Amino acid sequence: MPHQKVRRGSLPIEQWIRIVFQQIDTMIIDEVYELKDWIIQQGSYTTSGYLWKDKPHAITSGQLWGGPDITAVFNSDITIPPHFMGNDVYFSMKGSSEIMVSVNGTYKAGLDPNRQWFKLVDAHESLNQYHIKLEAYTRSKPDDDRNTDVSLTHVGCVHYFEYPKLLLLNQPLIDLKYDLKVIYDLAYAEKADKDTKDYLQYHMKNILKLFPNYGSPKNVFIQHLPVIKQYIQEKIYGKTTLIGKKGKVALVAHSHLDIAYHWKLIQSIQKNARTALIQLDLMDRYPNFKFTSSQAWMYDTLEANYPSIFQKVKERIQEKKWEIVGCMYIEPDCNLISAESFVRQILYAKKYFKQMFDIDVNNAWLPDSFGVNSILPQILKLSGVDYFVTHKLSVWNDTNQFPYTHFKWRGLDGTSVNACIPPIHFVTWMDPDETIKNWDDFQSKNYSDVTLQVYGYGDGGSGVTDEMLEIYHRQEKLPGIPYQEIYSIHDFLDEAFKNEQELPVWDGDLYLEMHRGTYTSKAKLKKYNRQGEFKIKKAEILMTLSHLYQKNPSYQSHMELLWKQLLLNQFHDILPGSHTHPVGIEAVESYEDFHLRTDEFINKCYQSLLNQNEPDTYCIFNPSITPRSYYAHILPYKWHHDMNALIDNSGNTYYVQEINKANDEKIYIAEIPKIDGLSFYNFCRTSIPHKPSTLKVSPTHLENDFYSILIAENGQILSIVDKKRNRELIQKDKIANEWIMYEDKSGALNAWNIPSYYKNQSAFMPDWCNICVHEEGPLAVSIRMERYFNKSHAVQIIRLFEKKPQIDFDIWIDWHEEEKLLKAVFPLNVLSKTYTTDTSAGGYIRKSSKNTSWEQSQFEVPTHKYVDISDGALGVSIINDSKYGCDVEDSTIGISLLKAPIYPDTTSDQEEHTFTYSFYSHDGHWQQSDLMHLSYDLNDPLILNKGKAIDSTSLFKINNKQLELLAIKLAEDCSDDIIIRLCEIHGSGGMVKIDFNIAIEEVFIIDLLENIKQKLPCTHNSMEYTFHSHEIMSFRIKRK
Amino acid sequence: MSDIIEKWFNDTIRPASRVDGGDLRFESFNGQTLVIGAYAACATCLCCEKRIQDWLSMEMKELYPNQLFNIKINRYVPYYKS
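Chains as they are written, first to last, in the numbering used here: chain A, 1 to 1040; chain B, 1041 to 1122.
Treat the hints as calculated values from the structure; they're not laboratory data. Note that the structure is predicted; figures quoted are calculated from it, not measured. Be aware that one or more of the hints could be misleading.
Footprint (simulated), chain A over chain B, 3 or more residues, beta carbon under 8 Å [what the hints assert, rightly or not]:
#1 1049-1056
#2 1082-1093
#3 1103-1116
27 Å max Cα-Cα, derived DSS-like pairs, lysine-lysine [said to hold, decoys possible]:
#4 A:53 <-> B:1047
#5 B:1090 <-> A:53
#6 A:661 <-> A:946
#7 B:1090 <-> A:36
#8 A:55 <-> A:133
Cβ coordinates follow ideal geometry from the N, Cα and C atoms, glycine included.
Construct the complete structure from the given sequences, taking the supplied hints into account.
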């Protein structure tokens, strides 16, 4: 018989002490009175009231209540028993539900897995009758459940009803419970130093001797209480000088609240209200307690739905006990949103905080961001924000330790902002190991005296508990744990950065070595966001022109609502795809509504800018500041196929061709002349003789003046030759646009992550089939092919154009995979050690080698419209219309097309997808190429509209190709001034001259909040400005 | 009746179960026994046995007051939880 290891020995002393101490937990309730008369009604919460699924009915102990996504409302009229009066009486309902409690019609308290009771009646109160209403939302996974046993035993969305109770609590025993917990936790803390542990463990054993025998009745414990308390006071508390305390921790109370995650937006409104109630109550009972809360949207919805709670919050803000933290509308994802989206997140939030509270917030609070774009420091500084706080890089990086805690974060254009990445997570609960680790891992000790610790349960709100504050007051008196002090974030940041001249500098983006899958999960949302950002920009330009030229009223407030709808869905668990199925459904509905309303708005603007009464007239508007050419799109309902061309005022004709996209949608494309930036171009329809095609197409070959493409019989692209540069662009014996479907077993963080070893395994991909010529010119030719792979079906159309130097891959996929990552891979014959990704406001250069752990960890990176590799003489860009993830290694670009997570949405991305990506080669570096023009063309194609432009002149002309337009809008102050925002995208300084076609009184350079910084000279309606590399510049134009 | 039960389940129960990271899927109904699959957070939840069974029986009784139904739950615990 083989020897088996047997564990022998008595109960370890550590465990025995814990068992003895835990007896106190069973004694803290002196008396219990069950409340038995309850009426329940169940339904769904909406902001307009509940949608009930049943009628009010009595409920008794043991009966089932709740259900998935159900809110149960309990009502009862209670009478405090006479022998309870004259004491503090507590109301208790044990469970894992999230409960808002009203007493006599007023919101009073919140209950959740982290707190089972609240004080209902003060000892001096004479009133003994109350009406209690409980609004209880049941969830299977209470997210704010850390460190509690309730969530484990009472978990689930359906419960057996237990009568709520009135309690009389034994406060001295509760105090002792906290004393023992604090001392025990530190005595056996992993990170406490030896002296502290030896000291406390020695005295723990002495305290044990003062306890009565195990199992003694409560009255015996109470008799021993004074001796135990005295011992603790004399021997343990106040001994900090004996052993010492190391370091200083600033405690900032906060409750991280994901506005949608494992719950829908509507639940976060209740969570926020519940959290606010709980923290307000703590402020009443702990005079030095302060709380911070972020996100303007949370304050706005609190006011709209819980005005009484909001009013109390407002009072506490004025008293400086409640602090607004974070300058943004919501806490967005910081990789996937454009520069202008960042600007609006701050603009609308600051506007709201100023109007509502007369407060200016000077910090950006993004604890849960999955990495941050390097364009943000400049945007923050130009918005009057001096500080940036995020957390994840210190605790979630899977490869490299981020080297700083307090530092200067230098962004793409060289602007720096003071940045803080605390050494521990943003949800902590006064565990001594957390606090000690915070100080031990604090990397800025040489020039900062204090490290930040955000405490309070969160993800789903809930916040700080009594226990945390009781622990805090006791830990102050203990050795071996850093000094802790309650701070406001404002005071902490000022103190932490008072020696800012000594701070180290981190230059570049804040890349999180984790959550790389969020660049790709929920492809549909990514597409809606990308399209939305372009669409709202165009809408705003048209509104401005409409107001300018046609004296139409400003629709500023309407624009703000549209912007906020877009901004809301940029939340860091919505846009990245890290949410449950119903959250995704709601986000899609919201986006679709946004697009519908923005389209309606654009059409309304066109109605005022175009004369739509003249029959057969058409017009194209170029929303860029630089000229655009190539082709325009015509939607089928705007075209009659009996005509085949456009004709302009000069008699030039432009051919129109029907295009059938991969999803079988039909559109038309029209040749167009060069259309100046911000101007209209008028056309009529006509018919011209059929234009012969100069393009070549067969199932194995496509060719225009720019490219010759060779395709194998199985649909694989064997060669792409750049004809103008006479270069084969694909590596020898490799395949271009190879679709590889990798196994993507990311475990519990399925929607968030991509494992670093994902390229080790890929699924079999059958050949393309049904390959045929699809379009035969004259403007475009294409080949269509299909692929059935695993559980999915795809159609790919490879398209070449007569005049456009790019190859389009027009894709439709009916995707039904699980835990797969699909990439399109281009092994390029371009040798370069670096590559450029798009930040939305300029290119960001990364190394393509994998020499160091830092380079290796960036095996998937974010990008916006393009990724480019150049060798100085020739470059290749892969442009996309809706993708955000890519990888580049050894001159091979892989675009992440689709991911298929199974958690938290079990069927994420399993639907039809349509998207296009393009291949473009150019001379030299991308800055000298047509890349920006083509990127805009793919993401925001020119559209033919019905009607004739009343005024086709451009608002202004600009003489510099380094600049891109971020926004044209009317000023927020309703002054009729025009705001123009540009950014330099090539990475070089320069000078721009802007010639306006309207009469200008004055021009100012302004910040991103539209405050004037400096007046600029302006003569004859022209201005000049000298800009620096990657500068985001905003001008305020006062008209005559 | 099976079609009605399946539609009711897919329209009402399943969407609600998915809100907080769970997933309950209709598998079969033979006139008396409803068989469902529990995925993701539901598969490992303590609630997803007697409580959910009793609750579903109650809900089905709302549809068919004069009938009694059995509920069988197949748990599909994800690999990352095992």
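Now the hints, each set against the structure:
1. 1049-1056: holds (count 3)
2. 1082-1093: holds (count 7)
3. 1103-1116: violated (count 0)
4. A:53 <-> B:1047: Between residue 53 of chain A and residue 1047 of chain B the Cα gap is close to 18 Å, so the pair holds against 27 Å.
5. B:1090 <-> A:53: holds (22 Å)
6. A:661 <-> A:946: holds (23 Å)
7. B:1090 <-> A:36: Distance of about 24 Å is within 27 Å: holds.
8. A:55 <-> A:133: holds (16 Å)
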